[in-house]
Amino acid sequence: MIFRGDEPEQIGLLKKLYPKGNYFMQGDEAIAYGALFAGCRFYAGYPITPASEIAETMARELPKVRGYYIQMEDEIASIAAVIGASWTGFKSMTATSGPGFSLMQENLGYAVFTETPLVLVDVQRSGPSTGQATKGAQGDFFQARWGTHGDHPIIAISPTSVEDSFWETIRAFNLSEKFRIPVVLLADGIIGHTREQIRIPDPEEVEIVYRKLPANEEESKYPFGDVHGDLVPPMPLFGNGYFTHVTGSTHKESGLRDVYTPEVHDRLVRRLHKKLEVHESEIQKWEEYYTEDADILLVSWGVSARPSLGAVIEARKRGIKVGLFVPKTVHPFPGRRIRELSKNVQTILVPEMNLGQMVLEVQRFVREEVPVIGVNKIGGVPLTMEEILKEIESSAERSRHRSAD
Amino acid sequence: MAKEIYTKYKMAKYLRKEALPTALCPGCGGGTVLNAFANAIDQLKIDPRDLVVVSGIGCSAWIASPYFLADTLHTTHGRAIAYATGVKVGLPDKKVVVISGDGDLAGIGGNHLLHAARRNIDITVILVNNFIYGMTGGQVAPTTPFGAVTTTTPYRNVEHPLKIAETVASAGASYVARWTTFHVYQLIESIKKALTVKGFSLVEAISQCPVQFGRRNRMKTPAEMLRWFQKNSVPISKAKTLSPEELEGKIIVGELVNREKPEFTEELNFLIEEVAKQYGLGDKNAD
Ligand SMILES: Cc1ncc(C[n+]2csc(CCOP(=O)(O)OP(=O)(O)O)c2C)c(N)n1
Ligand code: SF4
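From first to last, the protein sequence lines stand for chains A and B.
So the first sequence is numbered by this note's numbering: it starts at 1 and just counts up by one.
So the second sequence is numbered by this note's numbering: it starts at 1 and just counts up by one.
Rather than coming from a laboratory, the hints here were simulated on the basis of the structure.
Note that the structure is predicted; figures quoted are calculated from it, not measured.
Beta carbons are placed, not taken as given, at the ideal position from N, Cα and C, and that holds for glycine.
Hints are not guaranteed to be accurate.
[Stated by the list, open to error] List of simulated lysine-lysine pairs, DSS-like, C-alpha gap at most 25 Å:
| # | chain 1 | residue 1 | chain 2 | residue 2 |
| --- | --- | --- | --- | --- |
| 1 | B | Lys238 | B | Lys250 |
| 2 | B | Lys277 | A | Lys20 |
| 3 | B | Lys17 | A | Lys252 |
| 4 | A | Lys252 | A | Lys221 |
| 5 | B | Lys277 | A | Lys15 |
| 6 | B | Lys193 | B | Lys94 |
| 7 | B | Lys13 | A | Lys252 |
| 8 | A | Lys343 | A | Lys321 |
| 9 | A | Lys221 | B | Lys13 |
| 10 | B | Lys198 | B | Lys220 |
| 11 | B | Lys94 | B | Lys163 |
| 12 | A | Lys221 | B | Lys94 |
| 13 | B | Lys250 | B | Lys45 |
| 14 | B | Lys163 | A | Lys64 |
[Said to hold, decoys possible] Some chain A residues well away from chain B (every beta-carbon gap over 10 Å; in silico):
| # | residue |
| --- | --- |
| 15 | Glu73 |
| 16 | Glu106 |
| 17 | Tyr110 |
| 18 | Gly239 |
| 19 | His265 |
| 20 | Lys275 |
| 21 | Arg306 |
| 22 | Ile313 |
| 23 | Lys328 |
| 24 | Asn344 |
| 25 | His401 |
Could you build all of it, start to finish, from the sequences and the hints given here?
Dropping the structure here:
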């Protein structure tokens, strides 16, 4: 692990192994390198297309930095091992795709409830079921949010390019460590398998966050208590003689199970939600292009944000005032900003590679007068700039008619 | 009440006071297993700070988690061994112990059990086999004897039970033993051995669940169940001389396997040191 205190050696090593400069690589590889730079030193996984290259890269690179790779017997075991390793102090990761993500859901819920930092990469592929196993898609937007049962918060992040995959993986680790919550990296098979140029930075350029540890014996007694008033309890790691009890049952601040007192459950689950609400501004991230004077707003995420940007630029050349909003943190959804932007636009278009998922989140935040229209494509082939442009033009046409009435 | 138990019971120093009294039914074999485990730890003079105990879901999973005073990880149903694998890799110098039920470890979690044995990762598993899903109300388990009555086999069980210890032994574990809660001293000795052996070790503890199993199978009391264990147990040496027909319905007790072979976390660390050195990381133990 990049142990606290081990950084100088690790930084030197990263510099030597991956000298800064331009590389040509796949999104999957960029995710793996992002993890290495973020300090991930434990990976457990099970092969699945289109995520396997992450495992292969980790298996090759981790031992070089004294990290651990284990191929487990299935995805359930993979995330379980990752949770176990996280409680010993490792920054840990697993990566999978559709069917494997489904298998991980129960233990993802365990990680949420026990406030275990980890990064779960879902390189989305076409579904349902085995679907088009080798094709990319964006159909897991809600699986990331609601795949596990019960009321729970989650953080999910979605990168838009190979280079972005590197940096967003680092951000996923940092958020996970900072807020003691599993973070889902919602990548997709298209970026995962695309090769692009990326700049590998000096490790010093990379901000690394470590989870908070108990400052003393007293703090260690409340692994699930709001010890510091910031709603994020320090994490007493196993092996330090704290006698920590961790359970996926409803627990008191001490960690001990109490499934009978309504207040205990209420207090715990509400704190978990509040933890993200209070720190929302640190968690949310988005990009905006030409939104200042836009009549039409595109909201698009992940792989679809790229043809969307192309379409916006082309439409602007044709005199249509269109802007683009790209959520990088897709959960919690940056709806407030979309609400603000929606006040000045006539139409919102939501291009995504599914039959309409994020579009529902957008709709929740927009007044009824503004039509929110999905631009959807499935079948494993990404949306093209032209397809999106066509929708922009017909929307522009419609609003011209409307203003003519 | 908790205080009283705490002062009377010699092994109480190993228990999490705040969690007592246990939620186990009176006469449950789980208490015997907890006692045996505590005694094994005591006799080996293992500092509980050097222990991480992991369990799944079920009555038997509660034996050590939360009751044993160590770092305890109470996981999802069936997944304890997979969680423990991550813990062991992170803390190779600690004793990582899994205590859980037969349904948990051999039913839903059967695959993890086999693969941990195959990997030969240095984890000690105490599998409490009470022939039933106790916690959920006495449904049929993969260990329920042929012909037994449970809440989901109300007429009789037409499936055959899994021989867990034999299966794990052939999957590649370093140490495998089976005893019943009648064989308390042997059980303690086997747990001690399992804890000392390097590699994957399994101690199957056949245990009474008078409430969910015994009651429906003409053994209402814990004592009747223990007598059944006593009458039906056959030491492994003797079992070798008996025919399969003679062994029908018997409980074979003793050590099935005790062997040395390369252990997973150690091999993984050797490999990492080798690769790390090749790529220029200094020797971890140099200074
Ligand atoms: C995924 C999942 N399926 C089912 C359950 C319900 N469940 C709780 S305990 C249990 C059986 C436990 O049986 P066993 O491991 O034999 O333990 P015992 O209670 O008999 O000691 C089941 C099925 C669960 N918690 N999670
Ligand atoms: S139901 Fe059976 S296994 Fe569970 S505590 Fe009661 S006696 Fe023990």
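Among the hints numbered above, which are violated by the structure, and what are their numbers in rising order?
Violated hints (numbers, rising): 10, 11, 13, 14, 15, 16, 17, 18; every other hint is consistent with the structure.
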